[in-house]
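The sequence shown runs 2 to 201 under our numbering.
These aren't lab readings, by the way, just hints derived from the structure by calculation. Every value quoted in this text rests on a predicted model; they were computed, and no experiment measured them. Errors might be hidden in some of the hints.
[What the hints assert, rightly or not] Think about it this way: if two alpha-carbon atoms lie no more than 35 Å apart in a straight line, the pair counts; the simulated DSBU-like pairs of lysine-lysine are: (1) 124 - 34; (2) 191 - 34; (3) 144 - 124.
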Amino acid sequence: MEHDLEKAYAYLRDFSDLESSLENELRTNQFIKIRSFSRKHRFTSMGSPAQYIAFLEKGYALAYRKRADTRVVSWFRSAPSGIIPENFFTGNACQEEIVLNAGSSIVYTCRQGIGDLFRKHPKTAEFIRLIQEKHLHENEEEKMLLRGLSAREKYIHLATTRPEIIENFSGKDIGSYLGIRPRQLYNIRKAYGKEKFRQY
Numbered sequence: 002m003e004h005d006l007e008k009a010y011a012y013l014r015d016f017s018d019l020e021s022s023l024e025n026e027l028r029t030n031q032f033i034k035i036r037s038f039s040r041k042h043r044f045t046s047m048g049s050p051a052q053y054i055a056f057l058e059k060g061y062a063l064a065y066r067k068r069a070d071t072r073v074v075s076w077f078r079s080a081p082s083g084i085i086p087e088n089f090f091t092g093n094a095c096q097e098e099i100v101l102n103a104g105s106s107i108v109y110t111c112r113q114g115i116g117d118l119f120r121k122h123p124k125t126a127e128f129i130r131l132i133q134e135k136h137l138h139e140n141e142e143e144k145m146l147l148r149g150l151s152a153r154e155k156y157i158h159l160a161t162t163r164p165e166i167i168e169n170f171s172g173k174d175i176g177s178y179l180g181i182r183p184r185q186l187y188n189i190r191k192a193y194g195k196e197k198f199r200q201y
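Start from the sequences, fold in the hints, and give me the full structure.
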């Protein structure tokens with residue numbers, strides 16, 4: 002368990018100085034938990050308030066929304082990464098569902114645990130804000146880039162910059178994220194595979 006938590010502390014240090022008092026609190030706080038999943042796990046449920054925030058220590062996650070009964074993937078995550086549901090602090094119902102892949106592990110805490118840390122260490126809010134802003138910025142930056150690309154260019158961009166996404170998520174989810182229809186994605190992946198093969 003300690004080995005897993007060390008990755009979470011290192012992740013936090015990338016955002017700001019982690020005060021020793023806050024780090025000690027994180028190490029001893031009874032609300033900090035670790036859990037691994039042998040099967041896919043639904044981290045949030047659409048229409049219900051989010052109960053947890055987490056550090057993705059191992060594995061992968063995705064979020065999707067429903068539009069006219071169609072599942073539309075809004076982002077992918079790969080470890081190490083923070084997972085903060087968009088409405089966690091407001092208590093409003095989630096507008097997206099977050100799913101963890103089989104084999105994933107998280108370090109997580111609930112609303113009560115965050116409240117406890119806030120009262121003792123105000124800088125906790127800064128860490129969470131920075132983590133949230135980082136991922137919102139990365140999501141928006143990637144979406145803006147993808148908007149200016151053709152379907153083929155979108156797939157190649159994802160395959161070269163985030164190959165772990167191509168390897169660990171279904172073609173249906175990848176196509177949903179990129180806005181590419183199944184048949185078109187199939188043809189692009191087939192052609193891209195041949196191009197890669199010719200390079201060697």
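Here is what the structure says about each hint:
| no. | hint | result |
| --- | --- | --- |
| 1 | 124 - 34 | 20 Å, holds |
| 2 | 191 - 34 | 43 Å, violated |
| 3 | 144 - 124 | 31 Å, holds |
Violated hints amount to a single one, hint 2; each of the other numbered hints is respected by the structure.
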